[in-house]
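Number 251 in the UniProt record's numbering belongs to position 251 of the sequence shown; there are no gaps in the numbering.
Hints may be right or wrong, so weigh each one.
[As the list claims (entries may be wrong)] With a straight-line Cα cutoff of 25 Å, these simulated DSS-like cross-link-like pairs (lysine-lysine) come out:
(1) K498 to K432
(2) K242 to K178
(3) K351 to K449
(4) K266 to K290
(5) K290 to K432
(6) K291 to K185
(7) K550 to K202
(8) K153 to K202
(9) K216 to K242
(10) K200 to K153
(11) K202 to K266
(12) K272 to K435
(13) K353 to K215
(14) K550 to K484
(15) K356 to K297
(16) K440 to K353
(17) K29 to K435
(18) K384 to K290
(19) K358 to K435
(20) K334 to K435
(21) K291 to K351
(22) K440 to K330
(23) K29 to K291
(24) K443 to K291
(25) K351 to K384
(26) K484 to K29
(27) K449 to K353
(28) K242 to K200
(29) K432 to K554
(30) K384 to K297
(31) K384 to K291
(32) K449 to K29
(33) K178 to K202
(34) K155 to K330
(35) K297 to K202
(36) K330 to K297
(37) K432 to K29
(38) K554 to K435
(39) K155 to K200
(40) K498 to K449
Just so you know, these hints were derived from the structure itself, not from any lab.
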Amino acid sequence: MKVNFNILVAIGITFFGCAKNSEPKADFKITNQVTSSLEDDLFGQFLERPSWDGESGPEAAIKKGTHQLQEGVVDLMAEMHIPVLRFPGGTDVDFTEWTDLIDLPNRASRPILTGNRNTQVGSNFGYDEAGALSDTLGSSLMLVVNFGDAYYKRKPLEETVMHEMGMIAYMSSTLDEKLPEELSKWPQLRARNGHTSPYKVKYIQIANEPWVLDKKNIHLTDSMSQETLDNYFLCLDAFVDKINAIFPNMEIIVDANCMSISPLIKPRYGNKVDYVALHQYKPWGVGAFKKGESFVKRDSLSNEEIWNAWIAMPEINEQGVTYLGDAQVKNTYKAGYPIAVTEWNWNGWWKVKSAKNKDVVGSNLAKSFGAAGYLHAMMRDADKIKIGIQSMLVGQSWGITAIRVSEEEEFSPYSLPSGQITGLYAEHHGDKMLKVDQNKVAKYHQPYKVNSIASADSVAVLDVVSSVDDEYLYIHVINRSFNKPIKTSFDVSDWNPKNTDINVYSVSGEFLNSEKCNPSHFACSTIKIEKSNSGRIAISFKERSVNILKVPLK
């Protein structure tokens with residue numbers, strides 16, 4: 001599959017002194033009003049080990065016959081500045097015997113695993129490989145336990161829970177840590193396997209999308225029987241209590257996507273739980289575009305119409321900018337805990353055929369702009385959302401991968417644009433979110449309903465959020481314009497910036513999936529302005545570009 005790569009482009013900028021009364025108002029004012037903190041962990045990645053639909057994640061990324069990632073994969077990951085890696089699943093975690101993913105004494109090799117759809121996947125990239133990768137990248141780990149063995153009563157509850165505690169001990173405990181006797185062997189085995197020190201495990205997630213595998217009893221929106229709820233919470237109780245007892249410093253995440261489950265968590269657990277998990281994927285399979293009551297054929301749509309619809313994600317508010325506001329989100333927000341969006345992305349593909357275009361993947365750049373819209377929506381809700389895990393980091397076939405590999409090593413690894421944009425935000429952001437006032441912003445009408453993409457009366461061409469730390473003011477800008485550069489100005493006088501150069505980091509590209517700009521990722525450059533005065537920034541943003549202005553502060 002050929003992928004369109006973004007280009008970090010140079011952008012012309014003018015930095016003016018304080019505006020006179022005769023000058024027009026800036027299009028945007030970056031105020032000094034702090035709306036929330038902004039956590040680094042909002043920009044995490046999902047190191048998933050799937051086994052279905054032609055995808056095996058990091059198993060496809062290893063050198064044949066080894067446990068090592070292919071040349072170039074780690075370098076691409078390092079460029080993404082990943083704060084936290086989630087591992088290993090995903091749906092298959094409830095079918096994973098964790099000791100199959102480590103080396104055991106008296107076992108010649110790790111076994112082949114069978115996933116949730118009875119398809120097989122290798123075990124060369126396991127817990128030690130994920131831990132070593134996190135060390136290399138300077139990332140922390142979020143580990144997801146096998147909840148299914150307990151919930152589906154494949155094994156006795158106490159046995160299942162203690163076995164999963166062994167996984168946590170293997171990954172996170174020191175050699176001299178005081179542990180229950182049956183767990184002390186696991187850090188010793190890790191040392192025998194070549195890693196004396198524990199890995200940096202920060203989070204443990206309990207239960208992953210339970211509604212996917214138990215469709216009969218667990219529902220996202222419908223009510224559940226008391227029997228189902230009793231069994232679910234019996235298992236959840238056991239995990240929560242045991243983790244708190246043995247690993248009191250672990251931060252616990254529990255699934256809260258289901259509307260019948262999330263209201264029950266806070267009264268039951270109080271401060272025993274640290275976060276609730278929310279998953280967000282849209283639009284899934286892209287069928288016919290619907291305009292009012294009429295369906296519009298794919299081949300009658302222009303590229304600009306497709307672009308304008310696909311990037312208006314996840315929802316658009318009355319100001320024309322992105323936000324998270326569906327019923328599932330609102331329900332999770334009311335659960336009473338900080339939110340961990342442990343899986344999210346623009347996730348979709350064409351379900352309708354075209355006589356002119358055999359592409360079923362769709363524009364990779366458009367998908368990445370949808371992902372950028374998700375980032376802005378989560379940043380706007382950073383008072384609630386503290387963790388974000390983009391799905392998924394590496395793989396050979398799914399359209400949501402940040403890094404694309406060939407299992408047969410037929411080509412060198414390269415970055416896909418949605419991961420590149422998240423990596424850009426991970427590298428350049430502050431620790432506090434700021435209120436942004438917009439004065440005049442061009443908008444476009446998006447008339448189509450496309451599966452879970454809603455029509456919108458007006459979508460802002462420029463979607464702007466801002467963050468700040470002790471040294472820099474960051475202005476994050478999505479230019480949704482399909483074919484026109486957009487001139488705008490920012491009033492930053494509240495921040496008294498230095499009279500010095502500022503950097504603008506930008507990601508841009510073509511709508512159609514074309515040849516890569518270079519073998520591994522988009523070409524990149526920055527432009528520095530030699531002279532500037534505090535007060536106002538005037539700038540022109542390239543069409544189809546995501547941009548971050550990094551303004552030094554006095």
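Q: Would you check the hint for K356 and K297, treating anything up to 25 Å between C-alpha atoms as holding?
A: Distance ~12 Å between K356 and K297 Cα, so the pair holds.
(Q) Hint check: K432 vs K29, CA-CA at most 25 Å. Holds or violated? (A) holds (16 Å)
Q.
Holds or violated: K384 and K291, Cα atoms, limit 25 Å.
A. With a Cα-Cα distance of about 34 Å, the restraint between K384 and K291 is violated, given a limit of 25 Å.
Q.
Run the distance test for K290 versus K432: straight-line Cα separation, threshold 25 Å.
A. violated (40 Å)
Q. Taking only the CA atoms, is the gap from K550 to K484 under or equal to 25 Å?
A. holds (23 Å)
Q. Between K449 and K29, is the straight-line Cα distance small enough, at 25 Å or below?
A. violated (32 Å)
(Q) Hinted pair, alpha-carbon criterion (25 Å max): K554, K435. Please report holds or violated. (A) holds (20 Å)
Q: Mind checking the alpha carbons of K291 and K185 for me, to see if they're no more than 25 Å apart?
A: Judged against 25 Å, a Cα distance of about 62 Å means the pair is violated.
**Q.** K272 paired with K435 [C-alpha distance capped at 25 Å]
**A.** Given pair K272, K435 is violated - Cα atoms ~33 Å apart, limit 25 Å.
Q. Holds or violated: K178 with K202, Cα cutoff 25 Å?
A. Holds. K178 to K202 sits at ~19 Å (cutoff 25 Å).
Q. Keeping to a limit of 25 Å between CA atoms, is the pair of K202 and K266 held or broken?
A. holds (21 Å)
Q: Verify the proposed pairing of K358 with K435, using a straight-line Cα cut of 25 Å.
A: Violated. K358 to K435 sits at ~44 Å, over the 25 Å cutoff.
Comparing the model with each numbered hint stated earlier shows that hints 4, 5, 6, 7, 8, 9, 10, 12, 13, 16, 18, 19, 22, 23, 25, 30, 31, 32, 34, 35, 36, 39, 40 do not hold.
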